[in-house]
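Starting from the known structure of chain A, fit chains B and C onto it as the hints suggest.
One line per chain: the protein sequences are A, B and C, in this order.
Using my numbering, read the first sequence as starting at 5 and increasing by one per residue.
Using my numbering, read the second sequence as starting at 2 and increasing by one per residue.
Using my numbering, read the third sequence as starting at 139 and increasing by one per residue.
No lab work stands behind these hints, which were simulated from the structure alone.
All figures in this text were calculated on a predicted structure; none of them were measured in a lab.
Straight-line Cα separation of at most 20 Å, PhoX-like style, residue types lysine-lysine; simulated pairs:
hint, chain 1, residue 1, chain 2, residue 2
1, B, Lys283, A, Lys62
2, A, Lys8, B, Lys362
3, B, Lys4, A, Lys155
4, B, Lys203, C, Lys159
5, A, Lys61, B, Lys283
6, B, Lys4, A, Lys159
7, B, Lys4, A, Lys62
8, C, Lys154, B, Lys199
9, B, Lys283, A, Lys8
10, B, Lys206, C, Lys159
11, B, Lys206, C, Lys154
12, A, Lys62, B, Lys259
13, C, Lys154, B, Lys203
14, B, Lys197, C, Lys154
15, A, Lys62, B, Lys286
16, B, Lys4, A, Lys61
Label-pair distances were calculated between CB atoms; the ranges are:
hint, chain 1, residue 1, chain 2, residue 2, range
17, B, Glu38, C, Thr153, 37 to 45 Å
18, A, Arg168, B, Gly288, 44 to 52 Å
19, B, Asp188, A, Lys61, 29 to 37 Å
The following residues of chain B were derived to be distant from chain C, with all beta-carbon distances above 12 Å:
hint, residue
20, Met2
21, Asp55
22, Val56
23, Ser74
24, Ile117
25, Lys236
Glycine included, every Cβ here is placed at the ideal spot set by N, Cα and C.
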Amino acid sequence: MVLKEIRLHGRGGQGAVTSTQVLAIAAFYDGMYSQAFPNFGVERTGAPVESYVRIDKKPINLRQHVYDPDYVIVLDSSLLDTVDVTSGMQKDGIIIVNTDKTEAELKKKLPGFNVHAIDITKIALEVIGKPFVNVAALGAFCALSKDVSLKALDKAIDELFTARGKAAIAQLNKKAAKAVADKCK
Amino acid sequence: MTKRVIEASHAIAIGAKLTRPDVIPMYPITPQTHVVEDLAQFINNGEMKCAMIDVESEHSAASAFLGSIAAGSRTFTATSSQGLLLMYEVLPIVSGMRLPGVMAVANRAVSAPISIWNDHSDAVSARDQGWIQLWVESSQEALDTVIQGVKISEDKGVMLPLMVCFDGFTLSHVFEQVDVPDQKTVDKFLPKFSLKHKLDIKNPKTFGPIGFPNSYMYFKKQQQDAMITSLDVIKKVNKDFKKSFGRSYGSGLLDLYKMGDADYAVLGMGTLCGTARVTIDKLRKQGKKVGMIKVRSLRPFPEKELQVAVKNLKALAVIDRHISLGQEGPLVTDVRSAIYCNDLTVNGYIAGLGGMDITVKLFEKVFSDLEKGKQNGSWLFD
Amino acid sequence: MKKKKQNFEQGAVVTKPGSSKNYHTGDWRVFRPIIDQSKCIKCYQCWQVCPDAAIRIDKKTERVEIDYDYCKGCLICVKQCPVKCIAKEVEKK
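Pulled out of the complex, with its shape left as it was, chain A reads as follows:
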């Protein structure tokens, strides 16, 4: 595997930063080197935020922002109108969007890209009972990219949320991620 770069778009308070941290830990449990870091702007609820992950089988020295992502995850589809989520993306790159629209509708908006539309909010509301989509979205990433296993993801969710004293949420997040992954098969 060569260096893979992931860019996550979310809104302040949605947990985009936490999500990339979970993914970095998960990649580590699959025996890879990883790096997760936020691009903080205004630290304000609702403001568009970006957070990044790098995964490689070699140690990662690169410290610049992610400009040419292999994967993009969009946690809130309203961002498609305000942010160019495809910026720097390869044509065969995968874009995962949390939306209640159909894939066909989304492809019209993002022509030429490998777009996956999943209603993660709906699944999160069913499983968790709250619209926590950040970790659930990683289920889609695992299923579609195959770069990180669901097993490693579960371990990472346990580690991060237990460390923060939120073991109950960890269980629900794991269930939601699995449900999202199943939907992508």
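Positioned in the frame of chain A, the structure of chains B and C alone reads:
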């Protein structure tokens, strides 16, 4: 040792915990906050026994740092940007009183305009205050340097305070793999904290007295001698660290990358060196003989080692993440003064101020400037 | 001026405390305050205002005494005394 993916700030906090400090005065400031939060958590969980002093400003944090060391306690603290500037008055007092202790500085730009993002303006502008300054590139190096720092600072020939400088956000908020050392190995590696003179009501002494014109300069000479001694101590501690932990960072003073046959090289400090490595790997594949010099120790500045490192170069570019307004980047001034006998083209570049990204593209431009024989650096906007 | 040999202790620590005691600041006094104990009412105001802490209270007699080793002869005590029982004399050297 345990490998984990953690935040660099957490790595610094773990590093501090492993050195078993007695006292930690703390005052939070972005982007250093996670360091002191994590330490407070450790103390709260009972993972470390340590007196935490919740102070009301960075000036007080530095003052408490000074006082607790003088009272004979190993002390750690951390700050950033305007916080370091508020500490400024106390910085030369700690070093002048020859009090050893480690402070982590999450490097951040200084106002105005307000910026919470990374550059080196805070710590670089404090380089003349008698503190040893070690600059780190990765989370692993950050953790390891806190441990090394305690040993260097408390060396009997040194006895100077030390800053571990790590890039705010660009490193402080990065999650990556870190090999966390065992407490046992660290305990073996570090000496017990001891001072020749400490504050003691049973055995009173005067600390911080007046230095009359006939003595002040002698004390400054002693500090300078200690700084020069620390050059060897930093190297030795880095070597000993390798024996105990299996890792080291260049010579301890400089870290050279692919410099063996290099014609052109860049020189810098902190995380930008990682991106420079990636650029060099890329250009080497195109057959270009390029390399990098990472300055790990800004104070003391390793003049002699640098003279040897640049010997076979055709040109060198120095990347400053700070500008001495009205002059140039302070790093390029230091480099020019150190190697002026080498008769080498040295171009000074200003980059990455206030969090502007330093990218592979920028390094490619710098190397192409050098190849073309350009005699001047420039400001690099991404 | 001849240079005195100095000891430059690391960090400028003065290892023996109380070095200011060696300076007998009373040496350069011009006026000497003298207490008339028969008029003194033991109000201790002189003791309170002395800027050099050169006036002490004898615990047994409860009387004030002037330590002439350190009294600089500023005469604040003379001015302060409500019963005017402290006189001043020119110091003979």
